[in-house]
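There are 2 protein chains.
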Amino acid sequence: MARINTNYNKLAAGYLFPEIARRTNAFMEQNPGAQVLRLGIGDTTEPIVPAVLKGLSDGVLALGKEESYSGYGPSEGVLPLRQALADLYAERGVSLDPSEIFVSDGAKSDSANIQGIFSQDCVVAVQDPAYPVYVDSNVIFGRTGDAGESGYDGLVYMPCTEQNGFFPELPDRKVDLIYICSPNNPTGAVATKEQLKKFVDYANEHKAVIFFDSAYAAFITDPDLPRSVYEIEGADTCAIEMNSFSKTAGFTGVRLAWTIVPKSLRTEDSEAGKVHALWTRRQNTFFNGASNVVQMGGLAALSEQGREQTDAQVAFYLENASIINEGLISLGITTYGGGNAPYVWLKTPDGVSSWDFFDKLLGECHVVGTPGSGFGPAGEGFFRLSAFGHRENVEKAVQSLKDNLKI
Amino acid sequence: MARINTNYNKLAAGYLFPEIARRTNAFMEQNPGAQVLRLGIGDTTEPIVPAVLKGLSDGVLALGKEESYSGYGPSEGVLPLRQALADLYAERGVSLDPSEIFVSDGAKSDSANIQGIFSQDCVVAVQDPAYPVYVDSNVIFGRTGDAGESGYDGLVYMPCTEQNGFFPELPDRKVDLIYICSPNNPTGAVATKEQLKKFVDYANEHKAVIFFDSAYAAFITDPDLPRSVYEIEGADTCAIEMNSFSKTAGFTGVRLAWTIVPKSLRTEDSEAGKVHALWTRRQNTFFNGASNVVQMGGLAALSEQGREQTDAQVAFYLENASIINEGLISLGITTYGGGNAPYVWLKTPDGVSSWDFFDKLLGECHVVGTPGSGFGPAGEGFFRLSAFGHRENVEKAVQSLKDNLKI
Chain A
24 MARINTNYNK
34 LAAGYLFPEI
44 ARRTNAFMEQ
54 NPGAQVLRLG
64 IGDTTEPIVP
74 AVLKGLSDGV
84 LALGKEESYS
94 GYGPSEGVLP
104 LRQALADLYA
114 ERGVSLDPSE
124 IFVSDGAKSD
134 SANIQGIFSQ
144 DCVVAVQDPA
154 YPVYVDSNVI
164 FGRTGDAGES
174 GYDGLVYMPC
184 TEQNGFFPEL
194 PDRKVDLIYI
204 CSPNNPTGAV
214 ATKEQLKKFV
224 DYANEHKAVI
234 FFDSAYAAFI
244 TDPDLPRSVY
254 EIEGADTCAI
264 EMNSFSKTAG
274 FTGVRLAWTI
284 VPKSLRTEDS
294 EAGKVHALWT
304 RRQNTFFNGA
314 SNVVQMGGLA
324 ALSEQGREQT
334 DAQVAFYLEN
344 ASIINEGLIS
354 LGITTYGGGN
364 APYVWLKTPD
374 GVSSWDFFDK
384 LLGECHVVGT
394 PGSGFGPAGE
404 GFFRLSAFGH
414 RENVEKAVQS
424 LKDNLKI
Chain B
24 MARINTNYNK
34 LAAGYLFPEI
44 ARRTNAFMEQ
54 NPGAQVLRLG
64 IGDTTEPIVP
74 AVLKGLSDGV
84 LALGKEESYS
94 GYGPSEGVLP
104 LRQALADLYA
114 ERGVSLDPSE
124 IFVSDGAKSD
134 SANIQGIFSQ
144 DCVVAVQDPA
154 YPVYVDSNVI
164 FGRTGDAGES
174 GYDGLVYMPC
184 TEQNGFFPEL
194 PDRKVDLIYI
204 CSPNNPTGAV
214 ATKEQLKKFV
224 DYANEHKAVI
234 FFDSAYAAFI
244 TDPDLPRSVY
254 EIEGADTCAI
264 EMNSFSKTAG
274 FTGVRLAWTI
284 VPKSLRTEDS
294 EAGKVHALWT
304 RRQNTFFNGA
314 SNVVQMGGLA
324 ALSEQGREQT
334 DAQVAFYLEN
344 ASIINEGLIS
354 LGITTYGGGN
364 APYVWLKTPD
374 GVSSWDFFDK
384 LLGECHVVGT
394 PGSGFGPAGE
404 GFFRLSAFGH
414 RENVEKAVQS
424 LKDNLKI
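Taken in order, these protein sequences are the chains called A and B. Residues 24 to 430 in the numbering used here are what the first sequence spells out, letter by letter. Residues 24 to 430 in the numbering used here are what the second sequence spells out, letter by letter.
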């Protein structure tokens, strides 16, 4: 008599983005002529740059010849790619062994799966608002109670507010696993070295583990801001870092990412090396590696030419962010983020709720964004606009806001 | 104070294939001149066929143009591919809605992850021997006790022996989740419709769920043998099926598979539709879809030309199986499988243990195979040889067996 994992029943609502898609589709059905402008999901829109495209094509062609055909690769990724990633970190003064870098199909998968190698009774802290995957994966694993008005029982929310510049204070009770995303999705805030140092020191003192999601690190333009948690002294004993090719190389659909588990990482009940071994075992058991074709694309993205071209694309999206930001400010709307991140975080006018603002923006301006409350209780009253989009559409969306938004 | 998931400590040994790689590498270091012939891991060796290669290339080129670039796709796969898979099943008289077919990056991932949507206290039954991922994923989820001489406490082993033709009797106690692999890895045995019907009836009577791994279905040549569990009446209310492009299209490194969760599937504590909804939620939370490039390759593999070319490759591997089988028989070794599967399952001569036979075969013949005991207690005294290989290497390996094996 099979029974289901009832933790799924605790999940408060459908995953945020399907719900956005549902409302958008309903609007389009009711308004067949309307052109909907999407600044919702952070999905890349620009074609893959030539150098990376050539890497992918070469990866495909290699599979058609006996001498270069390849089957199963290491679950952790091919060595040249792990080495190229280690070299990338070395440029920032971060020394990593390639075996500490695990290539995967996505930072989403990794950030959802990483919690599974830790004990079910670990107490989890998340920034509030936060990327929903952190919360949902822990709910499904059984680390929370039911959802109430202020979030899930048993989960420690660390509010990110206007008052603290959208980076949280240390948790007010002892926690074991801490999710930090910087540049932040959804707020666009970037943690300073001093802010991260406080959390690294806390984690080392309490033998906690930090999951550091740096998927948007390439959008940091300020040279003083850290792009990796390992730029902070002491992070190698307490932090796991995820990053991705999605937003830099336009790989949201192509699928390639990496996670760093330092060999020096320890827990209360394990010595250095154990967590690295657990993640190795997890990946060997549940995963068979990212596509070999895609890994060749990733390698090309890290070549000199690949980096020049993808850097230009990142700069293009940051210009979009500026255009959105300036448009909102001209309407008297308060905004955050956007300078070192592809997201603009705005305060809804007149204290309107996040979902009401979603419906208002869609109805009045035909613009799709993402309700802040979908990212956590402290996101209520805020709204995320994504800078990923063709320039023409971004400009149209901003113009539509200026022309049609009733505030 | 973070603590680890101690279920990992129960895992009896390293995952089977890394251990094989370790012993093989050690042998090669000690015997630098030796040419090692690999019939171990079931890894494809022949180049990807032209029609599929074109699909992959077109998938890459599309990403270089603004009008055809695509970012995030549905986690469940693009509709044309889900539809093409539904059409494939329709040819066998199996009617599926495309929304019941979930495209993924691997049958390994899916067969490891599927158990996670069920309750932790479900009792699990596996064929013995079985693909290690079924067992290990349940150990990690906490459904077993420690490992002893006869396997993991709490896990129900269904012995597959010479006496029962390598298909098990119904379990002798009530079980909730049942793994069946046909054509079987490692034994190469294919379940008949009558054999499957017994399990389907059992599952419906006891509201159990069958996980049916049909990754090798394309190797079935006998028209009377079922290629899908849904050819059995009643399976749609009790069975989840996995299949893969790995072995048919040479996608072991490219990564593409699918899992079918019928909407009519129910459990003791849920109505029809709930398990389908849970798997949808699981994939939306933990996964972002198979690579868009790779899905285009999968679509090409299902085209008329793609199927002609991949069918020819499957036939080629089956010829390899015949060559291996005949070689072993000529040495007086008892063999099973190989006719409708890419694996030959042999009884070790003189009752030698599986791992001793591994070392013997490697030492005497320089041939790498897979120890039967690595797949479960009942695999002891058996050994798997894989038919995936270049013809020249398969012939060399068989010749080396004939010339060098001391029996």
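No lab work stands behind these hints, which were simulated from the structure alone. Note that the structure is predicted; figures quoted are calculated from it, not measured. One or more hints might be untrue.
Interface residues of chain A toward chain B, partial, derived using beta-carbon atoms under 7 angstroms [as the list claims (entries may be wrong)]:
1. A135
2. T308
3. N315
Just so you know, even glycine gets a beta-carbon here, dropped at the ideal spot from N, CA and C.
Here's how the hints hold up against the structure:
A distance limit of 7 angstroms between C-beta atoms decides the matter here; for A135(A) the minimum to chain B is near 4 angstroms, and the interface restraint holds. For T308(A), the interface hint holds, the least distance from its beta-carbon to any beta-carbon of chain B being 5 angstroms, beneath 7 angstroms. At its closest, the beta carbon of N315(A) sits 4 angstroms from a beta carbon of chain B; the interface hint therefore holds under the 7 angstroms criterion.
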